[in-house]
Amino acid sequence: WGSQGSFSTENNASNYLLYEGNDGHGDDLGGSMSISGNYLLVGARVDHGGSFGPVNGGTVRIYRKELNTWSDKVWYPLKAPSPMLHESFGTSVWIEGSNFIVGGPGANSSKGRAYIYTFGAAFGFPELNATLQLADEIAGDAFGTSVSISGNFAVVGAPYRDVSGKIALGRASTFQRHPITGIWGIMHHLTAPDGEVTDLFGKRVTISGNMLAVSAPQADINGVSNSGRVYIYTRNANTWTMTDSITAPVNKPNQKFGETLMMKGDTLIVGATEYALTDTDGTGTVYVYLRNGTNWDLQGVINSSDGKIADEFGKSVHLNNGSLIVGAFGASRSHLFRAGKAYIYKLSGNLWTEQAILAASQPTENDFFGSSVAIADSMAVVGAPRAPVLQNINNGRVYFFHK
200 WGSQGSFSTE NNASNYLLYE GNDGHGDDLG GSMSISGNYL LVGARVDHGG SFGPVNGGTV
260 RIYRKELNTW SDKVWYPLKA PSPMLHESFG TSVWIEGSNF IVGGPGANSS KGRAYIYTFG
320 AAFGFPELNA TLQLADEIAG DAFGTSVSIS GNFAVVGAPY RDVSGKIALG RASTFQRHPI
380 TGIWGIMHHL TAPDGEVTDL FGKRVTISGN MLAVSAPQAD INGVSNSGRV YIYTRNANTW
440 TMTDSITAPV NKPNQKFGET LMMKGDTLIV GATEYALTDT DGTGTVYVYL RNGTNWDLQG
500 VINSSDGKIA DEFGKSVHLN NGSLIVGAFG ASRSHLFRAG KAYIYKLSGN LWTEQAILAA
560 SQPTENDFFG SSVAIADSMA VVGAPRAPVL QNINNGRVYF FHK
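Under my numbering, the first residue of the sequence shown is numbered 200, with each subsequent residue one higher.
No lab work stands behind these hints, which were simulated from the structure alone. Any given hint could turn out to be false.
BS3-like mimics (lysine-lysine), calculated; alpha carbons at most 30 Å apart, straight line [stated by the list, open to error]:
(1) 602 with 545
(2) 365 with 264
(3) 545 with 507
(4) 545 with 264
(5) 264 with 278
(6) 365 with 602
(7) 507 with 463
(8) 272 with 507
(9) 365 with 507
(10) 507 with 264
(11) 272 with 463
(12) 545 with 278
(13) 278 with 507
(14) 365 with 272
Given only the sequences and the hints, what does the whole structure look like? Please build it.
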């Protein structure tokens, strides 16, 4: 990956010009990302999807590994079945095995939608299984801001949903695929039992097996504003029950504990992007929790070795086989403001050791490199959604790093 304290450079960078009809338009390629097996999904939430597509309709670019080699060329460009104006399809993506889910929180005046796909057995192309939208949807809910899928279960966040008169308390909805018909249906609507206005419950969701986590990064904790809380649910048969909730070990204002989430097996990664190591820096921190029965115990606290104010370390996280990659999209490089960085850590015993600092070889200001990250085997992928390509401002790039 490159030695600690020095920058690795990407082996490949996608110079994919998404909207050739207007080279001044941004598309945000790399704003979201998810990887599993032979597939990598990358969201471009404000891509028009062609010269005649709806403004900010959004697309997802699918990359595929063939003959044990990842190509930096897009294998399949995916649009919503009926793209809508400002749908922002691809704002959130999550893949597990051959199934994946995509959020379009801007659909229908930001009521929002989510879509579930399966890679077909015959030719491998994505096939739409379900379009998820709610009967009680309200404009501005932003259903689809966050998504996650595991087996026959999925969860979708609507963080701006008003609940019991409380503005933007937020809600998450769980879905199940019928084992015989294959039809996806609603299970439960989840809300925070202690939620208040603008908690943004559902800003991030993650599901793994019979465990589910939902964050409310702007929840006030004991009078401390925007400290954040994560709620844990356990599934027993067809019922999700809240079994735990966790807050940051140190209760600080505006740290936004839960701004990012990833659960994998018995491990939960939580990002607090505004956490301040001192009273003023706000560099960001990542917490690692391990499941202990129905409780989740803090296993480790991870900070970047060169963190600075406004880095937003923890903006994106991905865990795979004991390796963790963390994005810090606000990090500056030399004089380049918010060019962004990403960090790779390896678990050795009970300690997380920094292995590498990754950055683009030709960075520019406000690239937001590190907005999305993924790691698999000997490859790491980092999205820079505001990186320019040729004259296309904010086109976005996807950077591939090889160990």
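Task: Those earlier numbered hints the structure runs against, lowest number first - done: Hints 2, 6, 8, 9, 10, 12, 13 and 14 not satisfied by this model.
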